[in-house]
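Protein chains: 2
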Amino acid sequence: MTGQSARERLLGAVIEHFTTDGLADQSLRRIAEAVGTSHRMLLYHFGSRDGLLLDVAREVEARSKAELAALGGAGDGQTDELVRRMWDYVSDPALAGFERLFFALYGRALQGDEATEPLLRDDLEGWLQANVAMAATVGVPADVARVHARLGLAVTRGLLLDLLATGDRAGTDAALEVFARRYAGRWWEPAEGPTVTSDRAS
Amino acid sequence: MTGQSARERLLGAVIEHFTTDGLADQSLRRIAEAVGTSHRMLLYHFGSRDGLLLDVAREVEARSKAELAALGGAGDGQTDELVRRMWDYVSDPALAGFERLFFALYGRALQGDEATEPLLRDDLEGWLQANVAMAATVGVPADVARVHARLGLAVTRGLLLDLLATGDRAGTDAALEVFARRYAGRWWEPAEGPTVTSDRAS
DNA sequence: CCTGTCATGTACCAAATGGTACATTCTGCG
DNA sequence: CGCAGAATGTACCATTTGGTACATGACAGG
Numbered sequence: 004m005t006g007q008s009a010r011e012r013l014l015g016a017v018i019e020h021f022t023t024d025g026l027a028d029q030s031l032r033r034i035a036e037a038v039g040t041s042h043r044m045l046l047y048h049f050g051s052r053d054g055l056l057l058d059v060a061r062e063v064e065a066r067s068k069a070e071l072a073a074l075g076g077a078g079d080g081q082t083d084e085l086v087r088r089m090w091d092y093v094s095d096p097a098l099a100g101f102e103r104l105f106f107a108l109y110g111r112a113l114q115g116d117e118a119t120e121p122l123l124r125d126d127l128e129g130w131l132q133a134n135v136a137m138a139a140t141v142g143v144p145a146d147v148a149r150v151h152a153r154l155g156l157a158v159t160r161g162l163l164l165d166l167l168a169t170g171d172r173a174g175t176d177a178a179l180e181v182f183a184r185r186y187a188g189r190w191w192e193p194a195e196g197p198t199v200t201s202d203r204a205s
Numbered sequence: 004m005t006g007q008s009a010r011e012r013l014l015g016a017v018i019e020h021f022t023t024d025g026l027a028d029q030s031l032r033r034i035a036e037a038v039g040t041s042h043r044m045l046l047y048h049f050g051s052r053d054g055l056l057l058d059v060a061r062e063v064e065a066r067s068k069a070e071l072a073a074l075g076g077a078g079d080g081q082t083d084e085l086v087r088r089m090w091d092y093v094s095d096p097a098l099a100g101f102e103r104l105f106f107a108l109y110g111r112a113l114q115g116d117e118a119t120e121p122l123l124r125d126d127l128e129g130w131l132q133a134n135v136a137m138a139a140t141v142g143v144p145a146d147v148a149r150v151h152a153r154l155g156l157a158v159t160r161g162l163l164l165d166l167l168a169t170g171d172r173a174g175t176d177a178a179l180e181v182f183a184r185r186y187a188g189r190w191w192e193p194a195e196g197p198t199v200t201s202d203r204a205s
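Sequence lines, in order, name chains G and W. When we follow our numbering, the leftmost residue of the first sequence carries the number 4, and every step to the right adds one. When we follow our numbering, the leftmost residue of the second sequence carries the number 4, and every step to the right adds one.
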C-alpha cells in the first residue's frame, strides 16, 4: 500500500514545508529533515532535486485547478456573483500560505525554470476553458466568455498579490467590490434598457 | 569616480544577468562570471549574497516606481485612458525580461525572504499614493481614487502575469479593453442619472 | 616620495551540496 | 517458508558554496 502512497505523503509534506518555510534556497537535506525523512529518500522517490520541484509544481497546479472547480456550482448566471465567490474563496486567510507558494513557483517559472514550467502552460488555459464551459450553460458565447474570464482572473490574481503583500483586506475587498458592481447583471444579453456603461457625460 | 559608480555598474550588470538568466539558484561565482568580475568583488561591494539580493530588490523597486511615474503626465482626467496607457507601457515586449524578474522577486518576497522584502513594503503603497495625488488634480477624492488605483493596478498586474505566461497579446489586450470600456467617462462625479451600483440583496 | 584608502587578485577554508554505490530491511505473494 | 522487489539506511564522493585572510595594486593628498 505504500507504493505510490508513500511518495504522495512525502509530496504533501514537502508542499506543506514549502508553504510555511519558503522554497528558495532549500536543499534536499533541509527539506528531508523538515518532512521527517532522509535526502536519500527524496532522491529515491523523485529522482532528483528538479524532479521533486517538478512534482511540487504539478501538484500545486492540480490543487489550483481544484480550487477553481469548486466555484463552478450554484451559478446564477450573474458574473458579478461568480467573481465575488471566487474572491471570497481565494482570499481566505487559511489559504494564504498556499497562494504565496503558488506565486513563488509562478515567478520562478516565468524566468524559465524548467521544473516549474507546467504551472505556466496549463494553469491559465485550464481556468479559461473551465470558465467558457461554465458560461456556456447560461448562454454566453465562447469568445465573449473567454475574454471576460481572463479579466476576472486577472483582477482576482492582481488583488490577491496586493492582499498577500499588504495584508489590507478592507482595501482589497473594496476594490473587488468596485469591480463586481460594474459587472452586475446579465450584461451579455444585448439590449436590456440602458447598459451599465455610462457613456453619457464624459 | 569609481567609488559608488563601480558598485552601481555592477548592480546594473547583475540585474541584467538576472533578467536574462533568472535569479533562482545563482551562486555568487556564476553571477560574477556573467558580469565579468570575481565573486570576491561582489562580496566586497555588497557585503554578502543576501546583501546583493537586497540591493537588487531595491533597485528593481526603484525602477518600477520610475516606470509608473512616467505615466503621470498628460492625464485628461479619463481613468480609462490612464489604465490604457499603463497597460501599453507595461506590456511592452522590450520590458518583458524586467517584468519577469520583478515577479520572481515578488514571489520570493511573499514567502518571507528578507532580502527581497522591500519590494512588498514599498512598491504597492508608492503606486497608490502617486495615483491618489494624480487623481486629486482632476478632482477625485482621495479615498475614491485609492480604491480605483488599487483595482487598476490589480488588473494590469494580473493581465501582465497572463501575458508573460501565455504570450497571448491579442487575448490580454482584449481583456484590458473590456475593462477600460467600463471605466470610460468621468464616473466619479456623483449624480448623473442612475448610478452603476445595483444594490442587490445578500 | 610616502602614506593611507579604496579596489582587486590569490589562496584558502570548513561546510554543505546533489548524487551514487552498496548493503540492508521490510513486505506481499506463491 | 522463501524470495523478489520495493523501501530505507550508511557511507562516501567530487564539486561547489559563501565567506575570509592577506597581499597587492591604483592613486590621491600631504
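For the record, the hints were derived by calculation from the structure and aren't laboratory data. Computed from a predicted model, the values in this text were never measured in an experiment. The reader is advised that the hints may include incorrect statements.
[Stated by the list, open to error] Label-pair restraints from in silico Cβ distances:
| id | chain 1 | residue 1 | chain 2 | residue 2 | range |
| --- | --- | --- | --- | --- | --- |
| 1 | W | Gln132 | G | Arg32 | 43 to 49 Å |
| 2 | W | Ala136 | G | Ala16 | 47 to 53 Å |
| 3 | W | Leu98 | G | Asp125 | 21 to 27 Å |
| 4 | W | Asp95 | G | Glu128 | 19 to 25 Å |
| 5 | G | Arg43 | W | Asp91 | 48 to 54 Å |
All C-beta atoms, glycine included, are put in the ideal place defined by N, C-alpha and C.
Given a hinted range of 21 to 27 Å, is it respected by the beta-carbon distance of Leu98 of chain W and Asp125 of chain G?
holds (26 Å)
C-beta pair Gln132 of chain W, Arg32 of chain G: status relative to the range 43 to 49 Å that was hinted
Check passed, 44 Å falls within 43 to 49 Å.
State, for the Cβ atoms of Arg43 of chain G and Asp91 of chain W, whether the hinted interval 48 to 54 Å holds or is violated.
At roughly 53 Å between Cβ atoms, Asp91 of chain W and Arg43 of chain G fall inside 48 to 54 Å, so the hint holds.
Status of the given 19 to 25 Å range, CB of Glu128 of chain G versus CB of Asp95 of chain W:
holds (24 Å)
Looking only at beta-carbon atoms, does the pair Ala136 of chain W, Ala16 of chain G fall within the given range of 47 to 53 Å?
holds (48 Å)
In summary, this structure violates none of the numbered hints.
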